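Participant: Chain residues, written in single-letter form:
4 protein chains.
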Amino acid sequence: MNTKRAAIIGASGYSGEELVRLLLSHPHMELVAVTSRQYAGQTLAQVFPKFAGHPRSKTLHFTEPNAELLAKQADVVFLALPHGVAAEFAVPLLNAGCIVIDLSADFRLRSAAVYKEFYGQDHPAPELLGKSVYGLPEIYRDEIKKSLLIASPGCYPTSILLPLIPLLAAKLIKPDGIIADSLSGVSGAGRKAEVDYLFCECNESVRPYGLPKHRHLSEIEEQLSFAAETKVTIQFTPHLIPVNRGILTTLYLAPAEKSVDAKKISACYRKAYGNEPFVRLLDGKNLPDTKNVTGTNVIEIAWRLDPRTGRLIVMSAEDNLVKGASGQAVQSMNLVCGFPETAGLI
Amino acid sequence: MNTKRAAIIGASGYSGEELVRLLLSHPHMELVAVTSRQYAGQTLAQVFPKFAGHPRSKTLHFTEPNAELLAKQADVVFLALPHGVAAEFAVPLLNAGCIVIDLSADFRLRSAAVYKEFYGQDHPAPELLGKSVYGLPEIYRDEIKKSLLIASPGCYPTSILLPLIPLLAAKLIKPDGIIADSLSGVSGAGRKAEVDYLFCECNESVRPYGLPKHRHLSEIEEQLSFAAETKVTIQFTPHLIPVNRGILTTLYLAPAEKSVDAKKISACYRKAYGNEPFVRLLDGKNLPDTKNVTGTNVIEIAWRLDPRTGRLIVMSAEDNLVKGASGQAVQSMNLVCGFPETAGLI
Amino acid sequence: MNTKRAAIIGASGYSGEELVRLLLSHPHMELVAVTSRQYAGQTLAQVFPKFAGHPRSKTLHFTEPNAELLAKQADVVFLALPHGVAAEFAVPLLNAGCIVIDLSADFRLRSAAVYKEFYGQDHPAPELLGKSVYGLPEIYRDEIKKSLLIASPGCYPTSILLPLIPLLAAKLIKPDGIIADSLSGVSGAGRKAEVDYLFCECNESVRPYGLPKHRHLSEIEEQLSFAAETKVTIQFTPHLIPVNRGILTTLYLAPAEKSVDAKKISACYRKAYGNEPFVRLLDGKNLPDTKNVTGTNVIEIAWRLDPRTGRLIVMSAEDNLVKGASGQAVQSMNLVCGFPETAGLI
Amino acid sequence: MNTKRAAIIGASGYSGEELVRLLLSHPHMELVAVTSRQYAGQTLAQVFPKFAGHPRSKTLHFTEPNAELLAKQADVVFLALPHGVAAEFAVPLLNAGCIVIDLSADFRLRSAAVYKEFYGQDHPAPELLGKSVYGLPEIYRDEIKKSLLIASPGCYPTSILLPLIPLLAAKLIKPDGIIADSLSGVSGAGRKAEVDYLFCECNESVRPYGLPKHRHLSEIEEQLSFAAETKVTIQFTPHLIPVNRGILTTLYLAPAEKSVDAKKISACYRKAYGNEPFVRLLDGKNLPDTKNVTGTNVIEIAWRLDPRTGRLIVMSAEDNLVKGASGQAVQSMNLVCGFPETAGLI
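Chains as they are written, first to last, in the working numbering: chain A, 212 to 557; chain B, 212 to 557; chain C, 212 to 557; chain D, 212 to 557.
Worth flagging that the hints you see were computed from the coordinates, not collected in a lab. Please read all numbers here as calculations on a predicted model, not as lab measurements. Hints are all accurate, no fakes.
Same chains, same names: a pair is fine if it fits in one copy or spans any two.
Straight-line alpha carbon distances no greater than 20 Å define the calculated DMTMM-like cross-link-like pairs of lysine to aspartate or glutamate that follow:
{"id": "1", "residue 1": "Lys424", "residue 2": "Asp517"}
{"id": "2", "residue 1": "Lys269", "residue 2": "Glu487"}
{"id": "3", "residue 1": "Lys283", "residue 2": "Glu299"}
{"id": "4", "residue 1": "Lys475", "residue 2": "Asp494"}
{"id": "5", "residue 1": "Lys469", "residue 2": "Asp387"}
{"id": "6", "residue 1": "Lys215", "residue 2": "Asp286"}
Excised from the complex, chain A in its bound form:
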């Protein structure tokens, strides 16, 4: 299999760092460029001592981001940048023939209007919205394989969409009244010097935030609406909890009709994910626990039908930086590059 060359624009944040880790050990990829305005000139080993054992770490220097130059160096370029900024780089890279995998929100939505509603600014490259694919491999595997612009999903959306889409597509649950209650580790806030994310502000603390209209709702609801074939509006409450990594989502759902029983739900999930390498359906008494997925590209899913209330409770656990960000981006890259989907991920 031919090795391909990868570049990461914005490699010094938590998602970027995790991309570095995954690409350095990927069997079919060579990491040829990493950019960071802050660390330009320093080597990977200097900025991230933990990668110092890798031979590339001492020769690979962070550079200022330059799309033109990167397009010549790399076959695949990952954008680990804030929304709004990512699109600026995507256009020239695509024009130069690169595969672009964007971890920001810039290409996740089909609608420039929804982008403006949730992100408060005009979309910087609306003409590309129809060309990108939403990078959720379990749902859009075939489309990802053929796309040159992959919009890798957000961390919360991944934890919500994977458990919900099969149920909605199979009409097993009602598309209205869905509630997603999510708990996220602090790395979700990024490597930003803000008082709110200092150790002493997060340790021994639990708090909701960003409700009732978190930005991730836009992509969640767009994708759920596709699956349900009707407009879906959900309730979403994110909370910050004192762990580095992990998202635990609890979903409160109403079965579509009384005949929806454990057997049907189990069959639906088995059919959707029984052969998926990165979806772990828990059985017996097991419930998701973020510590079981930390550092992996796996999402755990479990569910309970509550006979007292008639509700279906579905829970998921993922590592927000792997399946919720960089691991999933590499999974998409494997697909578009024709590598085995699990290459470098198990």
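Dock chains B, C and D against the given chain A, drawing on the hints supplied.
Facilitator: Chains B, C and D only, in chain A's frame:
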């Protein structure tokens, strides 16, 4: 004001330890006895070095629990014991004229049948169920003042009932379809040597547990049904998060009718809790954060009406060992003893 | 006892916040002013929701710091400011007759030259160096009572000096070759928005820093030299550990002669601290644990003579924000104001 | 390269779990047996959901430990058992021709008398003490390659010996007066249901323990004495800190003579470890940080000469479960099996 004498049966667990802390510094109470089978013979200072600065800590020895003896020593006896065991002590203590404040589940329910359903055993003293008062001072202040047997509420129930009861009593929300999603610190599991609660099993971990039928549902639903004047069945999902202390509850509610607006909800809470010393209604952009209540008897409450879904989201934060257990028990004690309600608690 | 009025300049950092907590509940003090450039105009309750239960919290507004104005409002002014800045405020406040308790390093040293060596700048008010008292009450109780300018010690120095001074003064240990290995919680770094102190950078991390010449060495060595009556140079290694609060110091010492045995060491400590309300000498098998002092003004001290090496190991634990900063400052305030030394501290 | 078959006796503790992780992904090993009295009958996937993605996890069942049976199944057997118990299994396995890699203390010492002094019991198989090799590959590489019984070092010893041995062997430091101050994560205490290691007892706590005569001193001093060619006695203070993984050791040393300068120390370490794949010598301003080695087999080492005291301070960081236990054991296995030393470890 006359000082009264207090004893704590089961003083070596986390709730017991917190009771010791509160009673040692209480202006109108003298802690005269603490029991613990495990530590009998040792002083308070030996078992809990952090209390060593208090003069009583070096003279007060843990003893084996003996109801008869304690009844002679103390005016008020706190039971910080497992359910089932507490009732055994309550009977002789009440007969001997003591005020009994029970932190277990034994006297929280009105119905022995519900007790059996949720706790899996016959109630050990069903004749007392009609005599106890549910020790939620903000709701049952007058009854507590006159009772000799106070069943102090559980930690989860407190975090759920205080935000819900005023809304239900005022018919502002629908009594069905209520969802309570709760996050608890590890001290809620008690000082028990179990692998599940080891540091390495809880740190960097978040997990749901005990769903869909946690024992605390019994008292929560009984109390909500009283408030709503109709049978209430709720959805409740507890999660374990890596903090020592704190419960954060997020409630998903449906306004009773379209006319229920921010003004009405605000007025309802102001009326119910505007003068309560231990309920903090947050306004503006503030949201509850467990770190703001740690070590205090305060519960923080905030709410949001979501115009997209029509739902009312209410959030609360409390210290599970204080307002959720020992602080609330002392608050009740203050009422029944005729002390200022906030004595020793602020 | 007459109530006195207190002001805090720089009340929004961690030490300032802890001072607010202690002064709000102090029986003989009224907190009349808090300053913060960042939060000027907001109330205490707005900036620190956890103080919202106190009646003063809703009327007391943060102001811009103004020494002239504060001098009219307050009898005692606490400076919780960076070094260099504190001195600017101290001069006008002292001139106006206020008692000044400075938590910065500005007045801890006797020598302006040492100040310059360690802090890299000329001392801003060298004429005051002879007037201040080093605010370690267990050592300078009488001097503190008579001083108007108290330089409250640093957190590391307190954890090192209290265990060492009695041993040095009694010539039980050699004054050279002393090693202090200290572990500090993250609040010691202050409420500063720096990447190094983000939750994800500190959690699941332990690291030394600032060696071999940490600034606190200047005051540590000056004080040790006074006690030993000879110049003392020590080895000091601070480490950052993932707790909010607490300093654990381990001291490696050489007994002055072979005749120094357990009995002499024990007698020395008993004599020095046997009646001190805030020094807890541990006996038996007990060793210091930061969780036993968190939130209190207590320092725990234990020691072991190692027959294998001949060394004396002394360990101490304190809350870096209380005994290591604000609690100790209030202890000094109690002395200078003529209040009971423990007022507001137990 | 021929694949070899591995078995793990005692695979349910933290070291055992880490061995499972490393062996499941090892390119030249097949994990054929795991034992655990507690979990016998369950599959790997049931006991450790995080391994569920591996094909072996659903077919490999925990069994009762049976040396005879295991000897037939496996070429290499890892003993992750308490000291005293390990030796019982080692004898029959060695007799049956297996390679035995013991992670307990049973074969680390040359002297049965020292074993008895530190472990309080007669050595169960003193005849084997002369046959085992101390499994520190950087020091005993050639011996390990030829041995059938490898005594893998303890976690603290590894963090102390690797930084010290080259300095002692080169006579750059004095062999007496050495101090090792170590900070360990809680996994070092094992997966034992004891109150001392509950989340709430460790979180927000730092404490020394086990001094002045921790069991690991026996192997540390034996190995240091070999390196120094003279009897070495050191001071060792372990501390428990609230992280899952990681040991940070700070060493206080005296240069052998004044001519020992930075150049000589640097040269010594470069010569000893410049080509070692798992020793990372930090330069510039970098200091060890456990988070940079978590999950890896790397030990970080940095040092500072203090001109004020004349001392040499050396610091190391390792993952106690990897380089401090299971990773190092696999490194030794690679040597004895003739695999590349880094196989399965990077």
